[in-house]
Amino acid sequence: MNSHFTRQTLATASFIAVCLTTGASAQAFEPQDFAPQGKVECLAPADPGGGWDFTCRSVGNVLETLDLVPRSVQTVNMPGASGGVAFAHVVSKRAGEKQLLIAASTATTTRLAQDQFNGMSADMVTWLGAVGADFGVIAVASDSDFQNLNELMDALREEPSSISFGGGSSKGGWDHLKVLMAAREAGIEDLPAIKYLPYTGGGEALTQVVGGHITAFTGDVSEVLGFAASGDLRVLAVLADQRLQGDLADFPTAREQGLDVVGVNWRGFYMPADVPEEAEAYWVDALDTLYASDEWQQVMTSNGLIPFDMQGEEFEAFVNQQIEDIHQLSAEIGLIQP
Amino acid sequence: METLGFLMDGFAVALAPENLLFGLLGAILGTLIGALPGLGPANGVAILIPLAFSLGLAPETALIMLTAVYAGAMYGGRISSILLNIPGDEPAMMTCLDGYPMARNGKAAEALAISAIASFIGSLIATIGLILLAPVLADFALTFGPAEYFALFLLAFATLGGITGKNPIKTVVAACLGLMIATMGIDNTGVQRYTFGILELYEGVDFIIAIVGLFAISELLTFIENRAGKGHQTIKVNKLSLKWADIRGILPSSLRGGVLGFIAGVLPGAGASLGSFIGYTMEKKAVGSKGYFGSGDPRGVAAPEAGNNGASSGALVPMLTLGVPGSGTTAVLLALLISLNITPGPLMFTQNADIVWGVIAALLIGNFLLLLLNIPLVGIFVKLLSVPPMYLLPIVTMVAFVGIYSISNTTFDLYFMTAFGVAGYVLRKLEIPLVPIILGLLLGPEMEKNLRHALDISDGDWAILWNSGLAIGLWAFAAAGLILPYIVGPVLRRRMRAANPEAATGD
Chain A
1 MNSHFTRQTL ATASFIAVCL TTGASAQAFE PQDFAPQGKV ECLAPADPGG
51 GWDFTCRSVG NVLETLDLVP RSVQTVNMPG ASGGVAFAHV VSKRAGEKQL
101 LIAASTATTT RLAQDQFNGM SADMVTWLGA VGADFGVIAV ASDSDFQNLN
151 ELMDALREEP SSISFGGGSS KGGWDHLKVL MAAREAGIED LPAIKYLPYT
201 GGGEALTQVV GGHITAFTGD VSEVLGFAAS GDLRVLAVLA DQRLQGDLAD
251 FPTAREQGLD VVGVNWRGFY MPADVPEEAE AYWVDALDTL YASDEWQQVM
301 TSNGLIPFDM QGEEFEAFVN QQIEDIHQLS AEIGLIQP
Chain B
1 METLGFLMDG FAVALAPENL LFGLLGAILG TLIGALPGLG PANGVAILIP
51 LAFSLGLAPE TALIMLTAVY AGAMYGGRIS SILLNIPGDE PAMMTCLDGY
101 PMARNGKAAE ALAISAIASF IGSLIATIGL ILLAPVLADF ALTFGPAEYF
151 ALFLLAFATL GGITGKNPIK TVVAACLGLM IATMGIDNTG VQRYTFGILE
201 LYEGVDFIIA IVGLFAISEL LTFIENRAGK GHQTIKVNKL SLKWADIRGI
251 LPSSLRGGVL GFIAGVLPGA GASLGSFIGY TMEKKAVGSK GYFGSGDPRG
301 VAAPEAGNNG ASSGALVPML TLGVPGSGTT AVLLALLISL NITPGPLMFT
351 QNADIVWGVI AALLIGNFLL LLLNIPLVGI FVKLLSVPPM YLLPIVTMVA
401 FVGIYSISNT TFDLYFMTAF GVAGYVLRKL EIPLVPIILG LLLGPEMEKN
451 LRHALDISDG DWAILWNSGL AIGLWAFAAA GLILPYIVGP VLRRRMRAAN
501 PEAATGD
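Protein chains in written order, with UniProt numbering: chain A, 1 to 338; chain B, 1 to 507.
For reference, chain B alone in the conformation it holds in the complex (with noise of 0.2 angstroms):
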């Protein structure tokens, strides 16, 4: 009841004219830079904070600009990932397997709506989980030991095989390259490790330098390459479509990644892209063999975006109950509380209730305004689509560069950018998937981070990674993901064949 009242109060602030007018300018802002390639959701917010100050904003006018901009940003991250392949930050990255698939299928409009309805869904589910359960998912962050997250990375690894189905032993391949990628850099012992004594590599690759190059200047390269060749195919534009029977096909997904990604947010040590990625791969495990992920299937694009809006409203729970960012872009939030005079910590949900609950207000309030603003924005965004790609990838390519040296303010990061984007054409000759090498330097320097930490704690015992309950679960999850598919394929496919001998021929 309390906490009703709490969240009435947090509301009343929330509905004033003016934070509504700026919750609905951060909205519009975030989404924006959620679709920009380089410009991460954390950066975002960053450059965004001198501006709420030199504004002259109340201090819960700016927090809940600052809100709606964080939402906006994970709403954002999927248009360009959906029209255009590169996605606008880490966590969309998931939404290309199936989104561009769908764009090209001449469904890009269906694909943005029900990605946002999807987006929607997580961060509702989160923001319930959020107002309901706080201080007990606060106790449970509090379990995860090193052990704990070792075992939730190897969870994430082994369940790798369902990103890319047609060669399995390349996705490995992949996983292995941003393993190996994520090696460089200062180690946790203090050792340098490929570094070739530039200081630049000391920090190791920032991700969005990865994926910029990756995805961005690659997809430019093989553009040119098409260009030279037979031309390049123009994905047809279409008018949106959306029947209740699309919807009602992608909300169990949206509920089970929702959920999934709401627990990977709350853990400080996880965060929305392990959030979308196990949205991702374990709705494809739950659909099976009746689902068509990777060409298109809408499952795929509803799963991981709810998956990573959950997340993203997950990681306030550790921000607001803990004082502890669960994420790069909470950090920067929680830096912006402590300015605002709050003390980050267990007590701000006692002692700062009203710029809590504000805050959670804000997030309702902000991811409504943010689905209403994407549904009629969808036939906005797809006219992108009917730009020449000759124009568009390189004013997309252009812009990513301008935001990737706004951030870093060197040179060096661009010539790095450019090579990972020669890299990225080469790896896509020969066939071999990008996702995985993100996810391999994303999750690698974590899983070897606990790893060695809970080593350290108990002097070189490997029987530590299964002492607790909950870390013997997860490897039992993990140990299931990975072999499962081995058991299941064939019994599946058996009784397929014997249900209906001319489809399964070809299998």
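Chain A on its own, in the form it takes in the complex (with noise of 0.2 angstroms):
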């Protein structure tokens, strides 16, 4: 039964890649089966002016650009228990829509792994691609004596509760999770006795670390920009496979430090479950060709995005497997029931 499924899944994937990849010579041959007509809904689980509303807004006006929809995508806000809401409104509400997308993010699946959407899991709609995402970041203020992400990690090895981390998000959060995906490789035991202080946002986290409060901070890279140019802040690290480009290069690797550390946090989508097999191959083929489309690296670029480009089957697996790495993580540090 399990082989059989896998085995399907795989032809399926492999179905869509050659979709993908022979691209507009196959349309040219065999006609869509599905084209969204009318409105096309994008979802937004939180106010507007955050990283979701971002994610809807500027997708939606580079769909609208590439001819990729009807009209204008509409850009819903639905707030409430970071994205459970809106997550809760799409599987009872909203099966089998074609034509509605959900920003979603690592926060999304954080929030998955730790069972705090009442039950509901990731298999309840269907994950359609990412495009793009923001890598973890662990800094400190430029005056202090760490120079080093391994010089830290000594410190708390000693004395796990020696050093408080400030970051954007709540406690047992993604940037609370990065701290001690780090302080797990380096070795440290004692993770729940590491502290970490949750703030509103990355930035008043960074006023605390910058005006001495508080030792590190842990966010994203799209949040120092502006303090490490000014040369307030010292990255320690950036939890990526390997160095960023441009300016960013600079900023060394946990990896190149002997830390085998990855933090992705990724923006992307979701779509209500039920769909038909033609409008979910429409969505992942309309952000693969978003994610090519020079407007949207251009949009990238100026908001801080790093690549990263995984859509369809791939995307599937790659978000369970990261719920499943948060899922054994916060079990270990006793977030959660294991």
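Among the hints, a few may not be true.
[Unchecked claim] Label-pair restraints from in silico Cβ distances:
1) A:Glu277 x B:Phe412: 45 to 55 angstroms
2) B:Leu484 x A:Gly187: 55 to 65 angstroms
3) A:Asp123 x B:Asn226: 49 to 59 angstroms
What the hints contain is simulated information worked out from the structure, not anything from laboratory work. Bear in mind the structure is a predicted one, so any value in this text is a computation, not a measurement. Each residue gets a CB set at the ideal place from its N, CA and C atoms; glycine is no exception.
Assembly of the complex is requested from the two constituent chains, each provided in isolation within its own frame, with the hints serving as guidance.
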């Protein structure tokens, strides 16, 4: 049963892959089974102005420019429970809707992994793809004694409660988990003793680090750009598999300092469950086209997003793996019951 | 000198005809957004961002328009506070306390005019402060750690007695109710408190819902009851008759309120509500027993209005110098800057000087436009009062419902808001003031967060709370605010009795 299922998924995956690679030529021979008509809706599970809201609005604009949607994409905000209210709404009321995209990120998978959506799980929706990412970062004030990630980890190893970390997500959230992943990799055992102070946003946490009230910042690369450029902040490590491009190439990775930690905060979309395969394929294809476009590359550079291109089956597998990893880590540090 | 040059360049940009036009449009839209209960300034600005983009506006034009919206919303919030006793947004809450009584006394036009002037003065002080002191203030904001923030919020609560005179215990009860409501949601440590497994409650209670429910809906319910009984008194509509003496009378209050508000605004963890609140309570303390706060004292309108406008311009200091938003609205403005390819952070002033100074110039111009716009408009706003309440109140409530729904897109918030309305009605019957409830709700979570952060850092050692000179100073202020009335009060009363034996007997 299980292996049969896997084979089928693989078949579908390769089918989609063929469609994607052949792209335009395939379209010329056989008419598309699905094309959106009328209104396309993008659900941002937060207040206007936040990351998800940005994902919806900017992707909506580019989809429109590229003529991938018939008219405009309407962004609808539905804040609550870090995306939980929107997730519940999509699962219970919107199943089968072919023209609804919902913005998501690593915050969504973190909540799912820690079972904070009232028992709902990742397989209740259709995961479409990511359109970019923000890599994790650990930084200290520039007048701090810590020169690299290993010195910070040595101090933690000696006394786990000696260093206070601040970040923009809640306790147990993604920013907190990044610290714990690094500490676990460094062989620190008493993970729950590590101090993490949640702030309303990454910016607020940064002022506390630069002001000398707390020791270290944990967050995303896009959050530290301003303070790093002004020289107020020392980036100890980027949690990426290799050095970033351009100006960001100065930041050392955790991996090159001997700690194999990668923290990807992807930005992407899911859609309701029970969607016809053609519709799903259409949107996967649309996101792929969007990602490759100059217009989107422009949006990514101007907003500090880092290349992260993953759609369809590969993305779904990635999401499930990330949820699995976060679940394990959260259980290990006692955030949830295993 | 260099600063002046930049500012001149900023003016050149902001005074271009097209930019001026969109600035004016923004000021009008902002006033409307502020005046409508249920649609806060943050959401108003956020909703208008796509409009700015779809009109294909140039970056500086878009920014100027939205800055004007931001400034306008702060002016607009007072209108429904004064005319209807329903705050248009949370910082306008304090304006209800004396603005509404003034309107009931037949001085609605004066209240509106005074508050417009005070708003202007507050903004002007803050904008000048922003121009001259921004880098210094950025350093000042950085000195505030969790202990200092905690002491600051404590200071706010210590002056709470300044809000309502009649029964201090009821004020305390109201504040406690607010603090209790504030504990709902997922707390700092990730533990759920009073969420009952309902996803909508995970992030706690939204202020806007509480404000609209407690003020607008309970007002409607009270009105229905009065109507069924002896009928509702219509407020007399008056012509504006503002003398120079009236303006001079509120000048000191506006200056004090503006400065206090500005300081609160500069601190990213404090905000405009704290600005208008401290502006009001401190003013009441400063004026002392000579005032008649709570029953229509113009100074009680001027101080909080200057305070909240000072704070909203002050909130631009951390936004422009540190890239850290000082309020919900500046968070949205910051998002706009980012989408204009500007990296938020300490280098914004140097790297994007043109845009930053354009914003500041737009703010100054916006304030002049708003003052010019608001004084003649007083007549039109006041006319609202001649609409019979039986039409006006349901319309206001309906607009509030639409506003709330347009932000959250869930019916849950509407039910919740109605529940707050019923609770507000009951509380009014018990003569428990509503303003301290909102204050508890607004300030409680921040106070708790900072206390927990402080104790986390110190491993549970309470001494961290008075470990810096700044914190000790704030504690001393808080203690003085709490104790002084009990020492000074009797002394003053004795002196008054000695001076005027007949008048004092009623006290």
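Check the following: the C-beta atoms of Asp123 of chain A and Asn226 of chain B are separated by a distance inside 49 to 59 angstroms. The hinted range 49 to 59 angstroms holds for Asp123 of chain A and Asn226 of chain B, with Cβ atoms some 56 angstroms apart.
Starting from the range 45 to 55 angstroms, see whether the pair Glu277 of chain A and Phe412 of chain B falls in it by beta-carbon distance. At 34 angstroms between Cβs, range violated.
Range first: 55 to 65 angstroms. Now tell me if the beta carbons of Leu484 of chain B and Gly187 of chain A are that far apart. holds (57 angstroms)
Violated hint for the displayed structure: number 1, the only one.
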